[in-house]
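Whenever a hint applies, use it, and build me the whole structure from the sequences.
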Amino acid sequence: MSHQTLGNEHGRHPQVELGESGFLTPPHRRDSEPIPMRQFDYGRTSYDSAAFNEDRPTLKDRPRDTRSKLSASMIWRMWWLEILCIIFCAAIIFGIVVLLQNFKGKPVSSWPLPVSINTALAIISAVFKASLLPPLTEGLSQLKWIWFMRKDTVLSNFEAFDQASRDMTGCLLFLKRWPFFKEKFTMKFLALIGAVTILASVATEVFTQSTVQYESCQWFIVDAPASIPKAHTFDPVIDTLRSGTKTTDMDTKLAIYKGLINPPQNSSASMAGHINCLTGNCTFVQDNDRGSFATLGICHSCRDITDQCKMDVEPGKTGTLFYSLESGAVTKVFQSARSMVQLLHMVAVDTPLPTYIDDYPMFTVETIVINPRNCTEAEKSSPRCQVGRGTLWEPAASSCSLYPCVKNYNANVVNGTYTERQVLARNLKNTLAPANSSVPNYWITTDEAFRNGAWTACGETSERTDVNTQEVFASNKTSCLMSDYGSCQDAETLWYPPDCVWTFPRWQIAPAVADNLKEKIGNHTLLDYKRNVAYEGEPYMQRLYRSGGTHMENVMEFMGGISDSLTERIRTKGPDSPELQTVPGKTFRTDTCISVRFEWLAYLGGLLFLEIVFLVFVIYVGKREGFSMDWKSSSLAAFFYPIDRDSPEEELLRKESLEKTAKEISVCLSERDGAWKFHKME
Numbered sequence: 001m002s003h004q005t006l007g008n009e010h011g012r013h014p015q016v017e018l019g020e021s022g023f024l025t026p027p028h029r030r031d032s033e034p035i036p037m038r039q040f041d042y043g044r045t046s047y048d049s050a051a052f053n054e055d056r057p058t059l060k061d062r063p064r065d066t067r068s069k070l071s072a073s074m075i076w077r078m079w080w081l082e083i084l085c086i087i088f089c090a091a092i093i094f095g096i097v098v099l100l101q102n103f104k105g106k107p108v109s110s111w112p113l114p115v116s117i118n119t120a121l122a123i124i125s126a127v128f129k130a131s132l133l134p135p136l137t138e139g140l141s142q143l144k145w146i147w148f149m150r151k152d153t154v155l156s157n158f159e160a161f162d163q164a165s166r167d168m169t170g171c172l173l174f175l176k177r178w179p180f181f182k183e184k185f186t187m188k189f190l191a192l193i194g195a196v197t198i199l200a201s202v203a204t205e206v207f208t209q210s211t212v213q214y215e216s217c218q219w220f221i222v223d224a225p226a227s228i229p230k231a232h233t234f235d236p237v238i239d240t241l242r243s244g245t246k247t248t249d250m251d252t253k254l255a256i257y258k259g260l261i262n263p264p265q266n267s268s269a270s271m272a273g274h275i276n277c278l279t280g281n282c283t284f285v286q287d288n289d290r291g292s293f294a295t296l297g298i299c300h301s302c303r304d305i306t307d308q309c310k311m312d313v314e315p316g317k318t319g320t321l322f323y324s325l326e327s328g329a330v331t332k333v334f335q336s337a338r339s340m341v342q343l344l345h346m347v348a349v350d351t352p353l354p355t356y357i358d359d360y361p362m363f364t365v366e367t368i369v370i371n372p373r374n375c376t377e378a379e380k381s382s383p384r385c386q387v388g389r390g391t392l393w394e395p396a397a398s399s400c401s402l403y404p405c406v407k408n409y410n411a412n413v414v415n416g417t418y419t420e421r422q423v424l425a426r427n428l429k430n431t432l433a434p435a436n437s438s439v440p441n442y443w444i445t446t447d448e449a450f451r452n453g454a455w456t457a458c459g460e461t462s463e464r465t466d467v468n469t470q471e472v473f474a475s476n477k478t479s480c481l482m483s484d485y486g487s488c489q490d491a492e493t494l495w496y497p498p499d500c501v502w503t504f505p506r507w508q509i510a511p512a513v514a515d516n517l518k519e520k521i522g523n524h525t526l527l528d529y530k531r532n533v534a535y536e537g538e539p540y541m542q543r544l545y546r547s548g549g550t551h552m553e554n555v556m557e558f559m560g561g562i563s564d565s566l567t568e569r570i571r572t573k574g575p576d577s578p579e580l581q582t583v584p585g586k587t588f589r590t591d592t593c594i595s596v597r598f599e600w601l602a603y604l605g606g607l608l609f610l611e612i613v614f615l616v617f618v619i620y621v622g623k624r625e626g627f628s629m630d631w632k633s634s635s636l637a638a639f640f641y642p643i644d645r646d647s648p649e650e651e652l653l654r655k656e657s658l659e660k661t662a663k664e665i666s667v668c669l670s671e672r673d674g675a676w677k678f679h680k681m682e
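The sequence shown begins at 1 in the UniProt record's numbering and counts up one residue at a time.
Derived by calculation from the structure, the hints in this document are not laboratory data. Be aware that a few hints might be false.
[Claimed, not checked] Pair ranges (Cβ atoms, derived):
1) A203 with A90: 15 to 21 Å
2) R672 with T169: 43 to 49 Å
3) A72 with A203: 31 to 37 Å
4) N288 with T465: 46 to 52 Å
5) D223 with A90: 38 to 44 Å
6) V414 with T456: 23 to 29 Å
7) T169 with V108: 25 to 31 Å
8) Q265 with N102: 44 to 50 Å
9) G606 with A662: 37 to 43 Å
[Unchecked claim] Simulated pairs of lysine-lysine, BS3-like, Cα-Cα distance not exceeding 27 Å:
10) K518 with K253
11) K106 with K573
12) K176 with K188
13) K586 with K573
14) K246 with K258
15) K518 with K573
16) K246 with K520
17) K188 with K129
18) K520 with K258
19) K258 with K623
20) K246 with K573
21) K660 with K188
22) K518 with K258
23) K129 with K104
24) K518 with K104
25) K520 with K310
26) K429 with K573
27) K429 with K246
28) K429 with K518
29) K660 with K623
30) K253 with K310
31) K623 with K246
32) K253 with K520
33) K176 with K129
34) K106 with K253
35) K310 with K518
36) K660 with K253
37) K573 with K520
Glycine is no exception: its CB is placed at the ideal position from the N, C-alpha and C atoms.
Set out below in structure tokens:
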């Protein structure tokens, strides 16, 4: 067969002419004249399509019943490697899900491999992409042969398909040319799916690693339980002085002094040093209605009694202004050379025995205080302003009480800071002790107790049992009078578990605590000689006055310091049995944990789905068109099919046949007679 060598005035353009050598002569081509060619500038050539297609036999021209039919076994032989790649990709996605689910929510330190989890995912993602690409590239290459089998098309499309199956740049160039392909939309769309999926596979590492994020988490430590002190009863050592005054042990006295001189900021601050929490991060059951636990403590209440103040004025140059309460609390303003002012007076009030057994305070103190302001023009002529020399002293009075009570708290420890918040408080009743009905007692029962990490019903009984060992008066028997002990002799009693009964002995302990309080704040006065510069009196009274003693919130804060300090004493050194002394909790450490967002894996699943759709349709189109060759990405088919050989043509329908034949032939690319050709070497 002859060939043509074309050139122009700029030089000779090398041309590879297929089928020139002896072993590349197609058996189906007729002996004819060379293919007519047209010259263009810059040495470019194009084939005359009409001449090239004249009498050209193609698979498409064959009747359907004469085309090769692909059976399932043939499809498996042609595509087994690609099918296994798809199965392997699905297994990788499943493996990633199992792996991440196993470490979801766990600390990063639990990861066993020397490389990080992100590095491991990057490696797995690289393997996934490597397994994802073969079905796409081979399918796109196979589609190339089917494309040219279906109809005549420009030879440059062959190069476009070939480049698209090799790298990402080729896919981009393929997509650039894709709109200009002259083919049915279904074929064009199928080619588009393959190219786009190859390009999209670039982002597999990004989406895979995005599934793992890191966040702060709590990791519980089983062998390091946490605990908070609590109490069900209070029983300090009591002594009676020669004067008949009762006094408590030193710990209780120190608690009172601390509450007056250096009160805790709140109950959390008072208990912070007594919490057992190894890591500084512990949690306890949270219940907005009942709290994490209940404990015996001291509650306080205050009310404004300013309207009960009585004013007396002694007019004159040396007059005196008095404000007083019925309890004996009094303030004075003296008109003298030293201008002495009795700013604040605190008086302990003996509470009379109540008619009924509830709401009987352990200790009550009344406070009266005066604060100055300048007199207005209309007030300057009044006796109060004359005594005060232009200053009007206005009174404020309050009455505050302390009660034994049961307090419910929600509590936790975060980063070494203990916090408890009171959610409920109930004062103990003041009645007789069932074991000895002639002895008064503070007590109360609750319907639930905190056991084994949950609130449990107490379950009272009318008879003593192994569990219910504490006897109390029935809650509906409230008619006993403290002045008539005998009226309670026949009152109904019930039996409760020990953790449902809260007691505070009133017969000796409550009076002893009250006497200690009276000793410190029972009848003390704060004096002012130089108007807000030097005060004479107890330090706690100076602190109260300087903080704004005329406001009820400041008085409440003052009493709160005393009650919190006494509650700390009760909770930390009570006589209860060990199981009633603490509230159990869970210790955890703050760690960096693995957070998983499985939705990012949908990207990998989407790529795999597109690949399956693409490959299935490539196989379907090949079967429909009767294209039984599995040349795919092989470039040998351009040389060997068809070929004039003694062996049957069917032997070269398989890719392995092409490769086997190619191993038996040596060729050389060389220029002969002004043209570049492949020549068979003997």
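Tested hints:
no. : hint                       : in the structure
1   : A203 with A90: 15 to 21 Å  : holds (19 Å)
2   : R672 with T169: 43 to 49 Å : violated (34 Å)
3   : A72 with A203: 31 to 37 Å  : holds (35 Å)
4   : N288 with T465: 46 to 52 Å : violated (33 Å)
5   : D223 with A90: 38 to 44 Å  : holds (42 Å)
6   : V414 with T456: 23 to 29 Å : holds (27 Å)
7   : T169 with V108: 25 to 31 Å : violated (39 Å)
8   : Q265 with N102: 44 to 50 Å : holds (46 Å)
9   : G606 with A662: 37 to 43 Å : holds (39 Å)
10  : K518 with K253             : holds (12 Å)
11  : K106 with K573             : violated (40 Å)
12  : K176 with K188             : holds (13 Å)
13  : K586 with K573             : holds (23 Å)
14  : K246 with K258             : holds (20 Å)
15  : K518 with K573             : holds (23 Å)
16  : K246 with K520             : holds (14 Å)
17  : K188 with K129             : holds (24 Å)
18  : K520 with K258             : holds (12 Å)
19  : K258 with K623             : violated (94 Å)
20  : K246 with K573             : holds (20 Å)
21  : K660 with K188             : violated (33 Å)
22  : K518 with K258             : holds (15 Å)
23  : K129 with K104             : holds (24 Å)
24  : K518 with K104             : violated (61 Å)
25  : K520 with K310             : holds (25 Å)
26  : K429 with K573             : holds (23 Å)
27  : K429 with K246             : holds (22 Å)
28  : K429 with K518             : holds (23 Å)
29  : K660 with K623             : holds (25 Å)
30  : K253 with K310             : violated (34 Å)
31  : K623 with K246             : violated (107 Å)
32  : K253 with K520             : holds (10 Å)
33  : K176 with K129             : holds (24 Å)
34  : K106 with K253             : violated (49 Å)
35  : K310 with K518             : holds (24 Å)
36  : K660 with K253             : violated (104 Å)
37  : K573 with K520             : holds (23 Å)
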